[in-house]
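Participant: Protein chains in written order, with our numbering: chain A, 1 to 165; chain B, 1 to 385; chain C, 1 to 152; chain D, 1 to 349.
The reader is advised that the hints may include incorrect statements.
Where chain A lies over chain D, by a calculated footprint (3+ residues, C-beta under 8 Å) [said to hold, decoys possible]:
(1) 58-67
(2) 110-122
(3) 284-291
Reference excerpt, derived from the structure (chain A facing chain C, CB under 8 Å, subset only) [stated by the list, open to error]:
(4) Pro7
(5) Tyr10
(6) Ile11
(7) His21
(8) Thr28
(9) Leu31
(10) Pro140
Keep in mind that the hints were calculated from the coordinates and are not lab data. The C-beta atom is built at its ideal place from N, Cα and C for all residues, glycine as well.
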Amino acid sequence: MSEEAAPVTYIVTPVRLEYDHSAGNAATLFLRGLAQRKIIGTRTGPGQPVLVPPRGADPRTAELALEAVEVSDKGTIVSYSIVRVPSENIHFELPYVCINILLDGADVPFFHVLQNCPLDEVRIGMRARAHWVPDEQLAPTIASIEYFEPIDEPDVPFDRIREHT
Amino acid sequence: MAIRCGVVGIGQTKYDAKRIDVSMPGLVREAALRALEDADLTFADVDAVVIGKAPDMFEGVMLPENYLADAVGASGKPLLRVHTAGSVGGSTAIVAMSLIQAGIHDRVLTLSWEKQSESNAMWGLTLSPPFSVAVVAGAGGYFAPLIRSYIQRSGAPEDVGIRTALKDRQNALKNPYAHLRIEGIDFDQIANSPMLWDPIRYLESCPSSDGACAMVVAREELALKAPRPPAWVLATAMRSEPNQFPGRDAVNPQAGQLAARDLYKQAGIGNPRREIDCAEIYVPFSWFEAMWMENLGFAALNEGWKMVYEGATALDGDLPVNMSGGVLSSNAIGASGMVRFAEAAMQVRRQAGEHQLDDVKIAMGHAYGGGSQYFALCLFGVEKP
Amino acid sequence: MAEGSGGEVLRGPHVLEYPYRRSLGPALGRFFTGLRDRRFEGIRSRSAGVIVPPQEYDPDTSEALDEFVEVGPAGAIVSWTWVTRPRKKQPLDHPFAYALIRLDGADASLLHVVDVGDESRLATGVRVKPRWAVERGGGIRDIECFELEETE
Amino acid sequence: MRDVAIVSFAQSNTAREDRNEVEILIPVVQEAVKRSGLPRGEIGFTCSGSSDFLQGQPFAFVMALDGVGAWPPVKESHVEMDGAWALYEAWVKIQTGEVDSALVYAFGKTSSGDVAEVQALQLDPYCVTPLWPDADSIAALQARLYLEGSARTERDLADVAVRSRRDAMDNPHAVASGATDAETLLAEPYRCSPLRDHDCPMTSDGATAMVIVAGDLATRLSERPVWIRGIDHRIDPPALGVRDLSRAPSAERAASRAGVLEAPVDFAEIDAPYTHQELILREAFGLSDGVRINPSGGSLCARTLMSSGLNRIGDAALRIARGEGDRALAHATQGPCLQQNLVCVLEGE
Numbered sequence: 001m002s003e004e005a006a007p008v009t010y011i012v013t014p015v016r017l018e019y020d021h022s023a024g025n026a027a028t029l030f031l032r033g034l035a036q037r038k039i040i041g042t043r044t045g046p047g048q049p050v051l052v053p054p055r056g057a058d059p060r061t062a063e064l065a066l067e068a069v070e071v072s073d074k075g076t077i078v079s080y081s082i083v084r085v086p087s088e089n090i091h092f093e094l095p096y097v098c099i100n101i102l103l104d105g106a107d108v109p110f111f112h113v114l115q116n117c118p119l120d121e122v123r124i125g126m127r128a129r130a131h132w133v134p135d136e137q138l139a140p141t142i143a144s145i146e147y148f149e150p151i152d153e154p155d156v157p158f159d160r161i162r163e164h165t
Numbered sequence: 001m002a003i004r005c006g007v008v009g010i011g012q013t014k015y016d017a018k019r020i021d022v023s024m025p026g027l028v029r030e031a032a033l034r035a036l037e038d039a040d041l042t043f044a045d046v047d048a049v050v051i052g053k054a055p056d057m058f059e060g061v062m063l064p065e066n067y068l069a070d071a072v073g074a075s076g077k078p079l080l081r082v083h084t085a086g087s088v089g090g091s092t093a094i095v096a097m098s099l100i101q102a103g104i105h106d107r108v109l110t111l112s113w114e115k116q117s118e119s120n121a122m123w124g125l126t127l128s129p130p131f132s133v134a135v136v137a138g139a140g141g142y143f144a145p146l147i148r149s150y151i152q153r154s155g156a157p158e159d160v161g162i163r164t165a166l167k168d169r170q171n172a173l174k175n176p177y178a179h180l181r182i183e184g185i186d187f188d189q190i191a192n193s194p195m196l197w198d199p200i201r202y203l204e205s206c207p208s209s210d211g212a213c214a215m216v217v218a219r220e221e222l223a224l225k226a227p228r229p230p231a232w233v234l235a236t237a238m239r240s241e242p243n244q245f246p247g248r249d250a251v252n253p254q255a256g257q258l259a260a261r262d263l264y265k266q267a268g269i270g271n272p273r274r275e276i277d278c279a280e281i282y283v284p285f286s287w288f289e290a291m292w293m294e295n296l297g298f299a300a301l302n303e304g305w306k307m308v309y310e311g312a313t314a315l316d317g318d319l320p321v322n323m324s325g326g327v328l329s330s331n332a333i334g335a336s337g338m339v340r341f342a343e344a345a346m347q348v349r350r351q352a353g354e355h356q357l358d359d360v361k362i363a364m365g366h367a368y369g370g371g372s373q374y375f376a377l378c379l380f381g382v383e384k385p
Numbered sequence: 001m002a003e004g005s006g007g008e009v010l011r012g013p014h015v016l017e018y019p020y021r022r023s024l025g026p027a028l029g030r031f032f033t034g035l036r037d038r039r040f041e042g043i044r045s046r047s048a049g050v051i052v053p054p055q056e057y058d059p060d061t062s063e064a065l066d067e068f069v070e071v072g073p074a075g076a077i078v079s080w081t082w083v084t085r086p087r088k089k090q091p092l093d094h095p096f097a098y099a100l101i102r103l104d105g106a107d108a109s110l111l112h113v114v115d116v117g118d119e120s121r122l123a124t125g126v127r128v129k130p131r132w133a134v135e136r137g138g139g140i141r142d143i144e145c146f147e148l149e150e151t152e
Numbered sequence: 001m002r003d004v005a006i007v008s009f010a011q012s013n014t015a016r017e018d019r020n021e022v023e024i025l026i027p028v029v030q031e032a033v034k035r036s037g038l039p040r041g042e043i044g045f046t047c048s049g050s051s052d053f054l055q056g057q058p059f060a061f062v063m064a065l066d067g068v069g070a071w072p073p074v075k076e077s078h079v080e081m082d083g084a085w086a087l088y089e090a091w092v093k094i095q096t097g098e099v100d101s102a103l104v105y106a107f108g109k110t111s112s113g114d115v116a117e118v119q120a121l122q123l124d125p126y127c128v129t130p131l132w133p134d135a136d137s138i139a140a141l142q143a144r145l146y147l148e149g150s151a152r153t154e155r156d157l158a159d160v161a162v163r164s165r166r167d168a169m170d171n172p173h174a175v176a177s178g179a180t181d182a183e184t185l186l187a188e189p190y191r192c193s194p195l196r197d198h199d200c201p202m203t204s205d206g207a208t209a210m211v212i213v214a215g216d217l218a219t220r221l222s223e224r225p226v227w228i229r230g231i232d233h234r235i236d237p238p239a240l241g242v243r244d245l246s247r248a249p250s251a252e253r254a255a256s257r258a259g260v261l262e263a264p265v266d267f268a269e270i271d272a273p274y275t276h277q278e279l280i281l282r283e284a285f286g287l288s289d290g291v292r293i294n295p296s297g298g299s300l301c302a303r304t305l306m307s308s309g310l311n312r313i314g315d316a317a318l319r320i321a322r323g324e325g326d327r328a329l330a331h332a333t334q335g336p337c338l339q340q341n342l343v344c345v346l347e348g349e
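Kindly produce the complete structure, drawing on both the sequences and the hints.
Facilitator: In structure tokens:
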């Protein structure tokens, strides 16, 4: 009756959508800053909390937060996790440590990856600094910060960072 | 007072890594039919349909409910599509209940689903656009640091997660719909399973499932005529908060606390630990049970883990949690929130079969989504509110 | 507005791509198996007569459908439009028509493409027949396109 | 049923936005909240509409929470639909008595994707999407069926475009506008026969926000609240080859349930992205020729996916609040070829 006996039970329908994506003002400030080896946060106005990475608003007041403020590329680890599962866009050798780091001058933790630190030495309160790509490779992309690595400074006591953990 | 609303029909599909025996219409149909049969109704008896689902990228169909209209008997009727991230199954049920409570419809079919095997959940959850301002390490990568913070604050022993997962996985053996039913599951098997995002091990994490869950909710007069006793809706509550801002406590989020307080106030509950008989809560990674016990006010601050240790949340404990095996055992992301509500309602209707508890008067359904930001809660009772 | 070099907002490509794999169930399984074997299967429904492609549930009453009916292969154009500059993913790389085609024996119409060279040869009611793809078993594109019935 | 009124409305629409969704939403939400006269913290419920596929990223609406005042935590929900359905969900929440007011918003950056192609994902994923028909071609199949089944001609379509573009000249949020005439338009080549460029929507980016309030609170807040007298929505079966595309039965049903014909309407804001769809919908609603259609220029002249339906309702409400008419029909559509339709009847005091 039919040329091939086995019935068709599934089909593959490839979908490919191309977008011309615009980053918005906040992301542009942040990423152009990285291209100049600077970490730029934003705030709604003078004296207000500095948000890193900037997403355009201070969510507590729903006001535009587009006033650029440079923060340090050093900070304190407020939480972390040792990742042993591959992820689409992170190409570090497994396992690696992902961290929430409160950069000096920022008021919200920043999520990135920690390297050059034995897994059993990672701890909350630890000090770390950004490891930038070589200057000629700096570009408006999060990858301009290759990773964070520990620095020789005393740990920050848990009580001083409790609200950020 | 809003019009009283009761759950008169519940239907679930078998949750599985891949349901290659059905099309997308067939999957949602399976749950819808079972809910209608449970209520002894047909599609013609339904006035409106409310569908919930997580991101459409999982199936690669934009607003798929338009295509599913005839599979769920929606032709000529109102059809709403809710999407509130992981809590969507819960918030979808609440929207359906509000159509009854507002006196707009007499019977509403609500259904939530995901067919993740059309693509792959990990791909869907780690999509990061150009110019993203943060590294993306998947759901576990986001939640594991929160668990690390909880352990730091509460001083909880390292095996709390393993004990929680063991409880849920043993419960799943009593649930024919569950995706992961691991015969002979024991402590060591979980403890030795590979660590994914420290401190979360493989068997402490939820699977990716295909599946759908449906409920029929009805107005009081019709609920009273249903063939099986209804689960009365005593109270519902929803709260959302932004993802990241100075001083945000993502470990014990304010939105969850406020939703719980609102729920208890509506239902006149003074001591939730004592007055609520059991709870189905959204635990995609084992540690979240301990965290949600505190967030929901069942345990004092930093003491949620003790409930796991003392066996309070076991089937024979004073507050059994996730009798169905929970999200750890089945996770069709869009459906999981509604499965929590449905399983709580099944306990009240004495429909939970092997994992049925004795004498359940009040049961809680709980769902959360996003970065612990979206909360949808419901209390079901044997008695009318 | 933006500090640092260049004020305007960053823009760039973003691609959303996945080879979705869809299980078919009874109705679509039978339809696509038919296409592989160069046959059209429709399904009988109370509210809309014979529907192609076959669907699992009645469009109006939602009752389950299971009575398959072979239809076509030729049919008549019910409606059409002309694509002057085909997009990359569209089935033909030269101007063609999207059309709703009522296959002989069916009541509802099937959406597909028609290759006739020139728009002027198209009109509602024109008879067309399928041109089958060489490689089949992959779904709706087992039909490469439809063409005018009178072409050999 | 509780009487619920629209007390404020704000929108922004441009051809291309480079701001992100939060940056677009904030000024619009702030304006709507300010105009409502209610402090943000006292608005009982928040509900929004959007679609992840417009930007090609999941959870786009999660980021939007940053810009709408979700702190302290709010009672909030989201529909993966046009904002008009978020309005419906908010209206229902008020009817339960649990809240007395709601902020409704919607947003979309239609220009970042190839929207004609993105909408192919709204079709039958098994048998139609793999043919990748662009949205205009799908609409053209409907247009031909409608024209060949009625006494209408391509000239009637051009007349809709001429009127819409002229009216759009008074609407700062329209993307296309201008004085023209049918002959000039009909001289243009087809985009996809029988539709020409002027028959197809001008896509736009933007955001929309509205505050609705129940009963006497509305009369205290606004000298001329715009009451939602009736609101209903319905859906038709999905298969294009099964439906009679020259009609919109779900629109007919929603209109009758919303009480459109209980009294004459002064004007109608119809969410018709294509000119032939306005004609189909006017017949569905039984509107006489005397009723003014789309004084704002309509979705033909500015179509921000996921908010242009809510914009039709907002534009109608603004016009009533300004005293230019006492009763209006406002409509929103969703899905291919008018598959799903919402109708609401608005009345001034």
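Participant: Now, for every hint given, state plainly whether the structure supports it.
Facilitator: The hints, checked one at a time:
1. 58-67: It holds, with 4 qualifying residues against the three required.
2. 110-122: The restraint on the stretch 110-122 of chain D holds, since 7 of its residues have a Cβ under 8 Å from chain A and three suffice.
3. 284-291: As far as the stretch 284-291 of chain D goes, the hint is violated, because 0 residues have Cβ atoms under 8 Å from chain A.
4. Pro7: Result: holds, 4 Å to nearest chain C Cβ.
5. Tyr10: Status holds, d = 5 Å.
6. Ile11: At 4 Å from the nearest chain C Cβ, Ile11(A) passes the 8 Å test, so the hint holds.
7. His21: Interface hint status for His21(A): holds (4 Å vs cutoff 8 Å).
8. Thr28: 5 Å, holds
9. Leu31: It holds, given that the least Cβ distance between Leu31(A) and chain C is near 6 Å, below 8 Å.
10. Pro140: 6 Å, holds
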